[in-house]
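Participant: Mind docking chain B on chain A? Use the hints.
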Amino acid sequence: MSDRLLDIRDLSVEFGPVARPLRVVDRVSFSIDAGKTLGIVGESGSGKSMTALSVLRLVPEPPARISGQILFDGRDLLKVPRRNMPAIRGKDIGMIFQEPMASLNPLMSIGDQIAEAIMLHESMSADRRRERVLDLLRLVGLPDPEGRLGAYPDQFSGGMRQRVMAAIAMACNPRLLIADEPTTALDVTIQAQVLEMMLDIRRRFNSAILLITHDLGVVAEVCERVVVMYAGKVVEDADVGSLFANALHPYTQGLLRSVPSLTDTRKRLYQIPGSVPPARTIKAGCPFRPRCPARMDRCAVEMPPLVPYAPGHRAACWAVSKEMAE
Amino acid sequence: MSVLIDVQGLGKTFTDTTMRLGPKRPPVRAVESVSFQIHQGEALAVVGESGCGKSTLGRLLLHLIEASEGRVMFENRDMSAMSRHEIRQLRQRMQMVFQDPFGSLSPRRTVADIIAEPMDSFGLTKSRKDRREKVAELLDLVGLPPSYMDRRPRQFSGGQRQRIGIARAISVDPAFIVADEPVSALDVSIQAQIINLMQDLQEKRGFSFLFIAHDLAVVRHVADRVAVMYLGRIVEMGTKAQIYSSPHHPYTEALMSAAPRPDPAARSNRIILEGDVPSPSNVPSGCPFRTRCPLAAEICSVERPPLIEVEPGHTAACHFATPYPIAQRSPAT
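As given, the protein sequences belong to chains A and B, one line each in that order. FYI, the numbering for the first sequence is 1 to 326, going by our numbering. FYI, the numbering for the second sequence is 1 to 333, going by our numbering.
Just chain B, same shape as in the assembly:
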């Protein structure tokens, strides 16, 4: 499969540009030296807690914000070197699905207008009749009755609104979709419906997918590969099987262990990380995870661990990266 998106050393630093008096706030390094590739038809999940830079990464890939360093290649073309016109043409091939389906749908417009907007703006709708037919087809594809097209978003439940958002995103038959926490705001029984829908659509339409989430369990069903982010950096990345069966980074392991499991018998010795995620404007020296890491040793405060390959296709950034559970490891002295 060919590479659709190639991310090379991507970084984004937000600086305080307000005109207010007083000292400027320190710059925030939201994303730092991130590199990976997404192949055609592949689903990559990016997982991490709030403030880890996962949403910023999604926006960088769509070129909604300018990168401070590095570049994003879309089909071997550097997006930062493209003209505004070229970027606009590219937008037809990349779409986004948002977390809050109501916040991203205009309450005044009908479902048909909302879904057809991307097609309208790229001149893909020939006549009113053609437009209605296309919208009907899309509604059917996402599991909603076509008769809903003249209603407005407030008449729908959260799950239905998310279906509308998805119909809109796939309307222009994009090659790449970024979904930013698409199921986090939904009830459990609805979450499963939307996850299955997205899987089906991806199989049918063959688009590539960046799925942003904070929950490793949700991602398991959607992703081919998983990247775990912490404070703007990828700390571990690998195929689904590699990440779930042999996580090498203590943060990945802690994330999995912290998720409450629906099984009272497994009420367990969870790894409970201490403290909060440090502020991205004041990242600890050395390894950014060391302040919460159960394995942290002296070297961690001095030297930042590089992202190294621990097995083919599986990378981790930890001085003690090994495939053994934390409980069985002791930090090297």
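Excised from the complex, chain A in its bound form:
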């Protein structure tokens, strides 16, 4: 398993008093191989973004308490001194966020912003750097790169800004790209362009991608592996084919059935009753229990462990384990 690039083990993120902690990420484990794309799917409050931010060590500690291991290329990022993280962020790990306008500096030309990302990690002559910036803009498919070097973020559309973000993220050929809802704010036709660009980047650089999204369609389109999170916990993980063909967890099944589709002739959409409970109110047992059609007595007492049911396919559900045992 030498090509395992990111290996997260038992990652937990807690806030609040030690005696009564608020656990927003609860013993999450998964790994990504080089050149692969892993998607974390979940609704608001599932802890998916918090998981991604912890990998970058962008969650301020305190107030947060982070435990577990985040092995990047064998090195535990949680043991790296905080002051050394900026050398890793942007170099080995690139990132793209949902709101490009909030992440770009409105007073700096995009050429300078991309050049800055290179300067922070590598020294080279100004001419070579300019060449590199142009290459990056071509890579992300920005039309007329020479002409747009001096342009400012507000002169671009949402899709183009997301391309500029990607150019910054890819400035030092990172081995891992973390993309948190990169297409959520974009129109469908532009979303298709940005997803295509990400796949193209992956093909060329063999980078791994950690994609955070709430959209199962996006996952089906670009990911190889999927982790489904609910209320801070991983409830199911699988290869993309096996997840969509044979979802095990009632939450995943419900999510898949509630997505409206273009070809579907159902009169009504399937609906998961209720909503994600606020983190404070989750007590013992399975957090999905109040909304679950398959709940049993045991679910109120004990959280089901994440166990494999098929090669590479795990789920955390008592109903599934009972069904499999029969």
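One thing to keep in mind: the hints can contain errors.
[Said to hold, decoys possible] With a straight-line Cα cutoff of 27 Å, these simulated DSS-like cross-link-like pairs (lysine-lysine) come out:
| no. | chain 1 | residue 1 | chain 2 | residue 2 |
| --- | --- | --- | --- | --- |
| 1 | A | 91 | A | 36 |
| 2 | A | 267 | B | 129 |
| 3 | A | 322 | A | 267 |
| 4 | A | 267 | B | 240 |
| 5 | A | 79 | A | 36 |
| 6 | B | 204 | B | 129 |
No lab work stands behind these hints, which were simulated from the structure alone.
Facilitator: Structure of chain B alone, referenced to chain A:
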């Protein structure tokens, strides 16, 4: 079924009216020559990307903004010819549901006050007791416990807030509701709940519905008919079955093809449109879609394709409108 709303050649141009120095910004043609009818009890969906004019269209229908050209007839009466008093009376019959349920609910007021406001303003609540009873009934109708009426919006999740917004809209028993992206800000599992709720309510109450969305898949469950807009114009319109099974306009087809499908086996040859939507203040000559159209030919830059009937009840504005997938077509020379 009788026609409730008849839109005739409707257009809206926004001009730069600021007092600032320097050159005026060019006028923006947000909506242009739009015509259609909405029958009683019918749900019409308007779909398009940002800047296509779909929200402006919704506001024009409610007469929240003045049309620059054309008119909107509500039950055969021209709204632009009505007095302010008449418009106000009409407001009781038309309501709106917004995208961001929190942004459209006052954080300082209780749920009961929010829901009862339209009834209060039309004098439909007789006593405090009557008001509370009506609010309780409405909460029950949208699937919330009546005991929630004394709480404030911040105590609710996005889906619950949207239910409150819907309860408020149906409180005056309107004949027509405009819903502007009502589920776009919600989580997937909550989206389905709200879509089903709106369908149920429409069946129960029989109001007509203009459902504005950017997602063709969401609309499929709500709409009887679908209109696709691009740069202020309707480029295709038809019944749900017509639009989804045989789209004639390349933009409609591209919109459907671009939507990521929750099926890894269908990971596919999607039609990926190039470039962005042009600015509505600088619309391309001829067909406005030609700059991104895989079928564009010479005629498209010269002549604007009219909206023609391609089959009964189905119109499309494309020089090459045919019911075949783009992949199998070649542009005429």
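Participant: Confirm or reject each hint.
Facilitator: Hint-by-hint comparison with the structure:
1. A/91 - A/36: holds, 18 Å
2. A/267 - B/129: violated, 38 Å
3. A/322 - A/267: Answer violated: residue 322 of chain A to residue 267 of chain A is near 32 Å, above 27 Å.
4. A/267 - B/240: holds, 13 Å
5. A/79 - A/36: This hinted pair holds, its Cα atoms lying about 25 Å apart.
6. B/204 - B/129: At roughly 25 Å apart (the allowed maximum being 27 Å), residue 129 of chain B and residue 204 of chain B satisfy the hint.
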